[in-house]
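Chains as they are written, first to last, in the numbering used here: chain F, 1 to 370; chain C, 1 to 232; chain Z, 1 to 284.
Derived by calculation from the structure, the hints in this document are not laboratory data. Glycine included, C-beta positions come from ideal geometry on N, C-alpha and C. Any given hint could be a false lead.
[To be verified] Each computed EDC-like pair below joins lysine to aspartate or glutamate, with the alpha-carbon atoms no more than 20 Å apart:
(1) K128(C) / E165(F)
(2) K134(Z) / D119(Z)
(3) K182(C) / D281(Z)
[As the list claims (entries may be wrong)] Pairwise CB distance ranges (calculated):
(4) N67(C) / R17(F): 47 to 55 Å
(5) G68(F) / N67(C): 27 to 35 Å
(6) E253(Z) / L65(C): 30 to 38 Å
(7) N42(F) / G60(C): 27 to 35 Å
(8) Q125(C) / R14(F): 28 to 36 Å
(9) T68(C) / S125(F): 38 to 46 Å
(10) L65(C) / R215(F): 40 to 48 Å
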Amino acid sequence: MSGAGAVIEGRGLRVTRGGSVIVDVPSLTVEEGEVLSLIGPNGAGKTTLLQTVSYLTKPFEGDLFFRGQRVGPECPVLTYRRAIAMVFQEPLLFDATVFENVASGLKIRGMKRVVIRQAVAESLSRFGIAHLSDRSARSLSGGEAQRTSLARAFAIRPDILLLDEPFASLDPRSREPLIEDMQAVVRSTGTTTVFVTHDLMESLRLSDRIAVMDRGRILQTGPPEEVLNAPVDEFVASFVGVGTILKGRVKKSGRDTVTVSVSDREVESACFFPVGSHVILCIRPENVTLSVQDGTIREDGGPVTSARNVFPGTVTGVTPMGFYQKVSLDCGFPLVSYVTMQSRESLKLAEGRRVTVSFKATAVHVIKKE
Amino acid sequence: MELIVEGIRKAFWLLVTGDPEVMGITLLSLRVSGLATLVSLVIGVAAGTLVALTRFPGRGFVVSLINTGMGLPPVVVGLFVTILLWRSGPLGFLGMLYTPGAMILAQAVIATPIVMGITLAAMQQLPKKLRLQILALGATRLQLVWILTKEARLPLLAAVMAGFGGVISEVGASIMVGGNIKGYSRVLTTATVMETSRGNFDTAIALGIILLALAFAVNLVLTHIQQKERPR
Amino acid sequence: MKRLLCGLVIVCALLFAAAAGAQQAPAGQRNIILATTTSTQDSGLLDVLIPLFEKKTGYFVKTIAVGSGQAMVMGQKGEADVLLVHSPDAEEKFMAAGYGVNRRLVMHNDFIIVGPPVDRGGIKGTKSAGAAFKRIAGAKALFMSRGDNSGTDAKEKAIWKAAGIAPEGQKWYQQTGLGMGQTLNVASEKQTYTLADRGTYLALAKRLDLVILVEGDRDLLNIYHVIEVNPARWPKVNAGGARAFADFMVSPETQAIVRAFGVDKFGSPLFFPDAGKRVEDLGK
């Protein structure tokens, strides 16, 4: 079902190569002005799907619609190709100056020289490389080259921008500023963008919607928060960084919560499932709080915290992960929590340390197990 | 050794006095080989690009054929072209045997596989995704070929030099199809052979030196262009 | 893509036609293909005669200088219009098979046996070529042969045959497969005997370390005929042009030029005009 603002719609897109199915997407829509990212592990078919959408890979089964017109019979392929712009992981610049590179798309479209000069200058300054205009493309650094490639794509004011892991080969110092600049340009021009990445953080940052792919299929599409917190199955859950995935059985089903027995413990979750269902619990590590306070009940018998799930546990390992620390725990079932460096130090978290683990019922996402 | 010195002196003398026969022979060498290289450039680049960019059944076989063709013995080419152009041959009605036109034809046949092979290699060395990027920029197929050719211009220049070098110095085919006719189809290489067989070694050496100088001069220009564009 | 290729092919064809057409060659019936031998061309005589003929008649002569054998085959296949050759035995077979018409005597020069001044075989002054060859074989002295089926080579082989000697394969008998000038140079270098035509020898004598040892034998005569290729056999042959050239070669003015050719350069003429004579009368 396509919304009123669907720029691209794909139906029944299938790509098979050598007998195996690379892409199998019955339906895909890209709304006007949105940023959609395709994420998934290597070999999931993201790049192939992107190339299908760009009509660069042939043959494929299925139909592609551009603004309601079928590409091929109704909308000529060349017209469609000239409405899109694509940037790859490698800059793929021509052996010429930066100016000539950025102008190449416009030259191909036969624009007048005055128009070209204007458009190129604007694009160069948007990406902060106006000072490189006369430099040979061969002499650019990785970051500068990729900026040139992006500037080349934007210079033609595409209807749709397609990016295939554009930041993957950049070093961290070049990546950050470029991602910011690109985001600024996309937002200010309102360009519809589809981009492929294997970096979850990148896609969370930049996208309006995320589509998670595995083995040629799209498993879930939705805004970042939804995909993060309500993954539709185990694979998506683990891909979006749900640290704790547990199998269990619904023991009790209440008004707004269910109790799931996991190993020999009981976990409460705010949802509904019939008793006896086999389910999978997803608990994001950011939502798991640790405390070294022994008490779980007040003097007057009520619970100390609003978290419905409180367990004693033992730290089985602590791994630094850049900005945070990943703490692996055993509470009768394995659990993962993220804490800050300070917390780790102040709580003296180390292997063997006994702690109290708590997380809210609303933080437990339950998926029915097939 | 003194023969070579004599030859060098004679070469200077012939050039400085502008000996008309030698001038004529030199100009004809340039014209015949130049045109042959031009023809081979046009056909070779087009065909080489076509084979490089398309997939078709039997492609591997065709590529082997091209690579073999790069080493075609010129004398064998000359033989086949002669047989074609004989009065009794299939193209005999053209009456082209023993003309500079026949020499251009034979030399073009020799040079074209060379240009084709180098073009093929050059095109295949371009990044595989470059083709996709150019298409994504909205290029028509013609524009695609043009842009790829521009990207590969350095090796293509090498192809021109290789083709030219191969034909300016060849003698077997030129003698057979040209006939080495004085003032008409006599070029530097065929004249050198003739002078040698007559025993006029000093003249032969002189002509040889002129030929070397000519080839060097042409390659100097082309190399200069190529190296100017060399990646820094 | 296909259109591009077609366009390129057309451009090439045009370039080609332009190139070919840019030559001053007249077309069709103004062309005559003359098949002759390398030694004839190397003598330089044709460089004098051909321009005269062309100026006089307006024909354009394509002089193709190849080995005698190849010249005859060209005539047999109709690839040449007229032949100027000097292999009487092969020529007679040629005429007998009906490939040629109007075989006419033009001129002769002679062969000489040259060799190292040392003259190990002691052949100097021998009157008979065959006797000289016998002496060379007897002394197993080095002999350089052309071995290339040329007229000179045919003459040499005929002399060996007549003398009853089979030199092929013997260590002292070597073959170059090269032209006369080169063979003389090799002979000089290696100090061997060889059979040469007087014209080429005289042209190179200054640089050669060889002297004339045997000359004057009737067997050593090198007789040139002009033969028109039979147009009945090969309609594409330029019969008119061939006739014009042959007539020119035996005309008195041309014969006079032949007589005078080489005198100022070498002190003696290279060729002896014989038009109108009978072959049997030569050498007397």
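Okay, the hints, checked on the actual structure:
no.: 1; hint: K128(C) / E165(F); result: holds (17 Å)
no.: 2; hint: K134(Z) / D119(Z); result: holds (14 Å)
no.: 3; hint: K182(C) / D281(Z); result: violated (36 Å)
no.: 4; hint: N67(C) / R17(F): 47 to 55 Å; result: violated (29 Å)
no.: 5; hint: G68(F) / N67(C): 27 to 35 Å; result: violated (51 Å)
no.: 6; hint: E253(Z) / L65(C): 30 to 38 Å; result: violated (57 Å)
no.: 7; hint: N42(F) / G60(C): 27 to 35 Å; result: holds (30 Å)
no.: 8; hint: Q125(C) / R14(F): 28 to 36 Å; result: holds (33 Å)
no.: 9; hint: T68(C) / S125(F): 38 to 46 Å; result: violated (54 Å)
no.: 10; hint: L65(C) / R215(F): 40 to 48 Å; result: holds (42 Å)
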